[in-house]
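*Asks:* Throw the hints in and build the complete structure from the sequences for me.
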Amino acid sequence: MKPVGIVANPASGKDIRRLIASGTVVGNREKCSIVVRALFAMDSLGVERAVIMPDPSHIAERVIKQAQNRLETLDVEILPLPYLVGTARDTERSVCRMREMGCSSIIVMGGDGTSRIAAKHSGDVPLIPVSTGTNNVFPQMIEGTLVGLAAGALATQVVTATEVCERAPRLELYRDGQLADIALVDLAVVSSADSAARAVWEEDTIRELFLTHASPTNIGLSAIGGHLPDVDLEKGDCLHVVLGESDQKLTVPLAPGLMKTLSVRRYRTYETGHEIRVESLPAMVALDGEREFAVRKDEDITVKASTHGPRVVQIEKALKLATRRAFSCTGQGSKSACA
Amino acid sequence: MSLTKKDMVTLYTNLVRADHYGKMMYSRMMQGKLIGFYHPAEGAIAPGVGACSFLNNEDILFPHHRGHGITHMLSKGIDVSPYIAEHAGKATGCCRGRAAWHYAFPEHNVYGTTAYIGHNFVPVTGFGWAAKRNGTGQVVMNCFGDGAMGTGRAHEGLLLSSIWDLPIVHLCENNGFAIFAEASEMHPTEDMATVAQGLDIPSVLVDGQDVFAVAEAVNAAIDRARKGEGPTFVEAKTLRFKEHDIGNRDLRGWKPRSQEEYDEMAKRDPVNLATERVLADGVLTQNKIDKIHEEADKEVDAAVLFADESPIESPTEEELLADVYAPR
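Chains as they are written, first to last, in this note's numbering: chain V, 7 to 345; chain P, 339 to 666.
Hints listed in this document are in silico derivations from the structure and should not be mistaken for laboratory results. A few of these clues could be false.
Okay, derived cross-link-like pairs now, SDA-like style, lysine to any residue, Cα gap no bigger than 20 Å in a straight line [unchecked claim]: (1) P:343 <-> V:71; (2) P:344 <-> P:626; (3) V:303 <-> P:617; (4) P:580 <-> P:368; (5) V:71 <-> P:524; (6) P:605 <-> P:581; (7) P:344 <-> V:302; (8) V:303 <-> P:623; (9) P:605 <-> P:514.
*Replies:* Written as structure tokens, this is what we have:
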């Protein structure tokens, strides 16, 4: 049986948005508990092996300490990494290693940024993104037990990845024609001098925005698209928004509790594959809400949406299908009882 | 407010200066030209620079003992040459050569550094209370490490700062070690910010190798304090490249730290990381960076010359006893 990979970002849910907004704090104690609940669910389905990313906060060790005496079939290991650097590099290396190990799925706990790092390296391995961040659009806010059940259904082959996974869209950023990076939800062109504390919260620094998601039920940059009239993004479409002096004002939640008014000069939806040139250079590029790198005025920067994002497990679909196949029925005669 | 390019130049310059001073101090200690101990700051200078570069002169500073506060003081805009002289026991020192590294610099609102880890939380509370009563927007910057978070003083100080809404920024420079002991053995949680959250203090984690990230987070905390919104706890996860203090072996628990660990840490050198960033962001050119290093060299050389040429303090008995609480 293929193992289940687990990545829990110890740094998610703790950034500057706790100060400049009213972001929820997600402590590592809670992250441990979410993983433990997922492990118990997997164990109940007979999953044999799970590997957890190591991190300087020792989430994996604490999870094993809490769970090990209560697991029947499941063997939980810490992924051997030569040295931890306490940065996104740990996530990158772990996801690469989990892919090499042939994991049936990888549970990714963090925010949009953590999912983005995992998506860059996961290949065809299905991801189960779980929100433990701030403004999360890509990962779901979902109970750990259900996450474990979905991962267990895949690992035990009650359901297959083909049946329950969908490719997510992604935004591709090209520098002088070369693919330089990706975003899953939003790509912002901002006028900040540096990436610094990374989050984007000052509305007057946002020059352009590219979105794969736009919904008024979102918090963060994608909320800007969500509050525009007549925007209905199909999967794989890209919404391009140019901000600046204008009479068209929007008041949106840029972070939890942080309502900001922005001026929108124009916006337009493009179909998958349409390449859009970034206009506002030089600038800093923010990917999924985090300032990442600077681009110069003389660079040719383009963005396009594609449908080549990560394979993502549709949890509800997986659990409904697995339930129809009576995966949770145990004991003598239970199949017929369930049937 | 996010940083401007001018802010980034200030931070980068202070980071380079701190690095040059730190290397000089290590060298001078090895040459026997400092009195007392020296606790090298190499690798862990970004939190102090990021936290103190935008303080006002009126703000109160309790620096971290690593690097003996040079990083913090120079970032606050203080001429640190009297402190370099102090550490050599010279009459021109900020405490007339009598304090070595357990000094104070009251004319610049710098207090601290006793030998007791976590001692600062007690006077910091008092200064915070005074700052609040003064009502002039004064902020207290309280710098300490993860080791201090194991003391009762720290818990009491945090508690009082919370319930009295004091204008204090608690900056935890968490390098994961208390001398040799790993933080994971000494604390039930690796994030010291969790403790402050439990006391209802807004808390944030930041990459302590990234001077720009520290500055942006601390500036938000300073802003809260100046507006009367109370204390903030900023935890900067940093790295200690050298031994705890010169003369002791650099151990992780009971074993020497591995070469692999040093090699990995070197990849996160705060000056190298910041240099990559200012070049990539187009904030500085290589020529300007070279100039900043040259100026830092000159500044350090001048401070060393000042210390070397200053007379050794030789107080009379009467002078010596004039500065103690209970003279005969």
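*Asks:* Given the hinted pair residue 71 of chain V and residue 524 of chain P, is their Cα-Cα distance within 20 Å?
*Replies:* 17 Å, holds
*Asks:* Are the Cα atoms of residue 580 of chain P and residue 368 of chain P separated by 20 Å or less?
*Replies:* Satisfied, since the Cα-Cα distance of roughly 13 Å is no more than 20 Å.
*Asks:* Holds or violated: residue 343 of chain P and residue 71 of chain V, Cα atoms, limit 20 Å.
*Replies:* 47 Å, violated
*Asks:* Decide if the proposed pair is consistent with the structure: residue 303 of chain V and residue 617 of chain P, CA atoms, cutoff 20 Å inclusive.
*Replies:* 14 Å, holds
*Asks:* Can the restraint linking residue 344 of chain P and residue 626 of chain P be considered satisfied, given a maximum Cα separation of 20 Å?
*Replies:* 13 Å, holds
*Asks:* Could you grab the alpha-carbon distance between residue 605 of chain P and residue 514 of chain P and see if it respects the 20 Å cut-off?
*Replies:* 17 Å, holds
*Asks:* Is the Cα-Cα distance between residue 303 of chain V and residue 623 of chain P 20 Å or less?
*Replies:* 16 Å, holds
*Asks:* Compare the distance between the alpha carbons of residue 344 of chain P and residue 302 of chain V with 20 Å, and conclude whether the hinted pair is satisfied.
*Replies:* Between residue 344 of chain P and residue 302 of chain V the Cα gap is close to 18 Å, so the pair holds against 20 Å.
*Asks:* Between residue 605 of chain P and residue 581 of chain P, does the CA-CA distance stay at or below 20 Å?
*Replies:* 18 Å, holds
Against the hints set out earlier in the document, a violation occurs for number 1 only.
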